[in-house]
Amino acid sequence: MNHLGFEMEKVKIGSFDFTCCEGCQLQLANKESTLPDFLALLDIRNFREISSERLDDYDIALVEGSITRPDEIERLKAIRAKAKVLIAFGTCACFGGVNSLKNRIPQEEAIREVYDNKAVETMPSMKISDVVQVDHSIPGCPVSKDEVEQILVGIVTRSQVSLPTYPVCVDCKQQLNTCLFDLGELCLGPITRAGCNAVCTTGKSACLGCRGPAEELNMPAFFELVKDRALSLNDLHEMLAFYNAFEPFATDET
Amino acid sequence: MKRDYSLDIHHLTRVEGHADIQITVRDGQLVDARWAIVETPRFFEVMLKGMSAERVPFLTSRICGICSISHSLASIRAVERAMDIVPPVAAEKTRLLAMHGETLQSHALHLFFLIAPDFAGTSSVLPLIQSHPDLVRAGLQLKELGNEISTVTTGRCTHPVSLVVGGLSKAPDKEKLLHLRAMIQERKPALETTCSFFHTLTIPDFSRETEFISLSNGSTYPSIGGRLVSSDGVNLEENDYLLMTNEYTQEFSTSKFTRLSRKSSAAGALARFNNNYDLLHPKAKEVAESFGLQPVCHNPFMNNIAQLVECVHILEDAGDLVNSLLDSDLSEIKTPYTPKAGIATGAVEAPRGVLYHHIEINEQGKVAKADCIIPTTQNNGNIHDDLRALVEQALREGKNDGEITKLCEMVVRSYDPCISCSVH
Chain D
1 MNHLGFEMEK
11 VKIGSFDFTC
21 CEGCQLQLAN
31 KESTLPDFLA
41 LLDIRNFREI
51 SSERLDDYDI
61 ALVEGSITRP
71 DEIERLKAIR
81 AKAKVLIAFG
91 TCACFGGVNS
101 LKNRIPQEEA
111 IREVYDNKAV
121 ETMPSMKISD
131 VVQVDHSIPG
141 CPVSKDEVEQ
151 ILVGIVTRSQ
161 VSLPTYPVCV
171 DCKQQLNTCL
181 FDLGELCLGP
191 ITRAGCNAVC
201 TTGKSACLGC
211 RGPAEELNMP
221 AFFELVKDRA
231 LSLNDLHEML
241 AFYNAFEPFA
251 TDET
Chain Y
1 MKRDYSLDIH
11 HLTRVEGHAD
21 IQITVRDGQL
31 VDARWAIVET
41 PRFFEVMLKG
51 MSAERVPFLT
61 SRICGICSIS
71 HSLASIRAVE
81 RAMDIVPPVA
91 AEKTRLLAMH
101 GETLQSHALH
111 LFFLIAPDFA
121 GTSSVLPLIQ
131 SHPDLVRAGL
141 QLKELGNEIS
151 TVTTGRCTHP
161 VSLVVGGLSK
171 APDKEKLLHL
181 RAMIQERKPA
191 LETTCSFFHT
201 LTIPDFSRET
211 EFISLSNGST
221 YPSIGGRLVS
231 SDGVNLEEND
241 YLLMTNEYTQ
251 EFSTSKFTRL
261 SRKSSAAGAL
271 ARFNNNYDLL
281 HPKAKEVAES
291 FGLQPVCHNP
301 FMNNIAQLVE
311 CVHILEDAGD
321 LVNSLLDSDL
331 SEIKTPYTPK
341 AGIATGAVEA
351 PRGVLYHHIE
361 INEQGKVAKA
371 DCIIPTTQNN
381 GNIHDDLRAL
391 VEQALREGKN
401 DGEITKLCEM
411 VVRSYDPCIS
421 CSVH
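Residue numbers (this note's numbering), protein chains in the order written: chain D, 1 to 254; chain Y, 1 to 424.
No lab work stands behind these hints: they were computed from the structure. Heads up, the beta-carbon is just placed ideally off N, CA and C, and yes, glycines get one too. Where hints are given, some of them may not hold.
[To be verified] Not everything, but these chain D residues come out facing chain Y in the computed CB check (under 7 Å):
hint, residue
1, T68
2, V120
3, S129
[Said to hold, decoys possible] Derived DEER-like restraints, expressed as beta-carbon distance ranges:
hint, chain 1, residue 1, chain 2, residue 2, range
4, D, E215, Y, T122, 41 to 47 Å
5, D, R104, Y, G292, 52 to 58 Å
6, D, E9, Y, H298, 55 to 61 Å
7, Y, K176, D, D182, 22 to 28 Å
8, D, R104, Y, D240, 27 to 33 Å
9, D, D37, Y, D240, 33 to 39 Å
10, D, R104, Y, H10, 45 to 51 Å
[Claimed, not checked] Here chain Y is said to cover these stretches of chain D; the calculated rule only asks that three of the stretch's residues, wherever they fall, bring their Cβ under 8 Å from a Cβ of chain Y:
hint, region
11, 14-22
12, 31-42
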């Protein structure tokens with residue numbers, strides 16, 4: 001790859017998945033029009049979903065999914081030991097994701113419900129940073145390929161890598177959408193980190209907060225807004241719990 | 001030839017999810033052949049409990065990163081049938097088009113990224129970018145078209161945003177539909193390039209008689225809803241999905257297995273093809289004929305060709321659906337409803353076969369009970385039994401260890417298993 005007139009070495013990368021739907025890794029193979037250029041940046045050393053290569057020397061590890069079994073902890077620690085940069089890739093990796101919904105009941109009960117008497121190992125869903133140090137996070141369910149390209153190019157070119165700090169509402173207003181609150185609906189756009197191009201609200205579906213809390217966040221004002229509009233607090237709590245991304249704020253207000 | 005051979009493929013590559021293939025041959029005799037799924041279970045049936053009915057499709061789409069539209073629509077169909085909601089016609093057409101987009105994307109991913117390297121003798125599609133640039137370009141064009149169809153119809157290609165209970169939250173934009181119509185026409189040559197490539201390949205000669213399971217509605221190639229049928233003559237109503245699946249657990253697998261009239265059965269493109277051949281577009285039939293593919297075909301490797309045949313059908317039918325949507329009034333896209341109690345099953349033909357979501361809604365409009373049965377779960381038994389028959393045949397033919405290993409990997413990949421999905 002040539003950058004500002006300098007030939008740069010391809011970055012050695014590994015992509016790994018834990019408890020998840022593999023939808024975030026799949027985004028790496030999407031946006032087909034720029035795919036050959038994107039792949040030209042990378043030396044893929046380990047990516048089980050698309051390649052039979054299983055090499056252990058990688059600089060960047062993309063880690064998708066949450067951790068729900070002891071053997072996953074060991075596998076994740078081994079990846080951490082090898083990677084110079086570990087990226088929590090997607091909402092499950094960053095926050096525990098939808099898998100965390102099973103944390104509400106005792107795990108033995110969950111096993112009995114699905115597997116009857118068969119012995120199956122599982123534990124409450126954990127985010128990647130509960131187990132190892134994370135260098136960068138790319139949230140999203142699924143991740144946005146545009147953002148993944150920006151961040152990986154940023155790492156390769158030693159540029160500053162950052163996520164938007166403002167909420168989804170900013171992206172949503174740019175799309176000239178009618179506010180869902182004005183249509184009488186609840187939406188987590190005012191408290192969720194932007195960077196998704198407001199894809200859900202543009203499709204007239206409420207934001208469920210997959211990208212986690214915005215940094216410029218006014219939670220008390222948000223709860224006031226929900227109360228002023230006489231919207232359901234039960235519904236709000238269901239939405240806040242959906243991706244486990246607002247766990248630190250769960251007790252802020254009831 | 002008396003020999004010992006043991007194969008233990010840990011975390012098979014180029015499939016979705018984690019599974020092992022274990023083969024043991026002693027004194028030239030097959031002792032054991034196993035399809036062992038070790039994927040971590042996620043417990044979606046537990047996660048769904050207590051969820052508001054309207055939010056169910058947003059949760060179930062997260063079962064799978066490849067067939068999220070199928071999961072969303074299986075749930076929506078179950079909830080709508082449980083609550084007696086009839087979606088507007090324009091919403092139904094849009095949903096059918098969305099299913100086509102997803103299947104095209106999924107089949108293209110499988111044919112180019114996951115199995116083409118087996119035939120080309122490479123570890124992944126990456127070296128093919130240099131060695132077969134036209135083929136890779138064709139693959140990317142088809143995959144991109146599938147994703148674009150899904151994006152125009154549902155707002156995003158993975159984890160749809162505008163498929164909702166009652167219809168759609170937003171209608172597809174007519175400008176974008178016009179663009180899609182042009183794109184479909186423009187990409188038909190990519191399909192011809194793909195067919196030419198597959199014509200040059202030797203599909204392994206292997207057959208094991210089995211039972212094929214699919215949906216059937218008697219008038220169109222199956223997609224959303226219909227009767228549950230099998231090539232052994234089973235014909236059931238959608239809500240009778242349990243009689244069709246008979247799920248059971250296996251000690252060596254975190255994914256369940258199913259059975260119907262025989263010990264094992266198969267779902268997916270080949271099953272749909274075998275059970276619904278007459279309803280394919282004539283151009284798709286022509287392509288099938290050019291590959292010598294006729295119903296009922298029992299060679300699992302031909303599932304790859306059946307997927308290619310379905311891509312031909314999809315491009316033709318998607319063009320018709322786009323035209324029909326362009327002629328439709330897209331202002332009525334959602335039927336208003338008040339949540340109420342009810343129980344129903346929603347069945348759809350996901351890219352890899354019949355997918356069932358069974359949902360029970362309580363008086364408060366929340367999920368009281370849920371059950372999801374995944375296509376790959378319905379293929380586990382067949383994969384398991386094929387491995388045994390395939391290794392026995394290979395031993396008779398005097399194949400070497402490397403050849404047997406490759407055949408085993410290839411037969412598993414032919415089913416396009418979605419393991420993470422099956423261990424939801």
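Each hint, compared with the structure:
With 7 Å as the threshold, the beta carbon of T68 of chain D comes within range of chain Y, its nearest partner Cβ sitting at about 5 Å, so the hint holds. Interface restraint check: V120 of chain D against chain Y, minimum CB-CB distance 6 Å, threshold 7 Å, status holds. Using the Cβ-Cβ criterion of 7 Å, the hint placing S129 of chain D at the interface with chain Y is not satisfied: the shortest such distance is roughly 19 Å. Checked against the hint of 41 to 47 Å, the pair E215 of chain D and T122 of chain Y passes, with Cβ atoms roughly 45 Å apart.
Distance hint for R104 of chain D and G292 of chain Y: a CB-CB separation of about 54 Å, consistent with the stated range 52 to 58 Å. Restraint check, E9 of chain D to H298 of chain Y: a C-beta distance of roughly 50 Å breaks the suggested window 55 to 61 Å. A hinted range of 22 to 28 Å for the beta carbons of K176 of chain Y and D182 of chain D is consistent with their spacing of about 25 Å. Between R104 of chain D and D240 of chain Y the Cβ separation comes to about 32 Å, which falls inside the hinted range of 27 to 33 Å.
One distance hint, 33 to 39 Å for the beta-carbon pair D37 of chain D and D240 of chain Y, is violated here, with the actual separation near 51 Å. Between R104 of chain D and H10 of chain Y, the C-beta spacing of about 33 Å breaks the proposed range 45 to 51 Å. Under a criterion of three residues with beta carbons nearer than 8 Å to beta carbons of chain Y, the stated coverage of the region 14-22 of chain D is upheld, 6 such residues being counted. Counting residues of the region 31-42 of chain D whose beta-carbon sits less than 8 Å from any beta-carbon of chain Y gives 5, enough to reach three: the coverage restraint holds.
In summary, the numbered hints that this structure violates are 3, 6, 9, 10.
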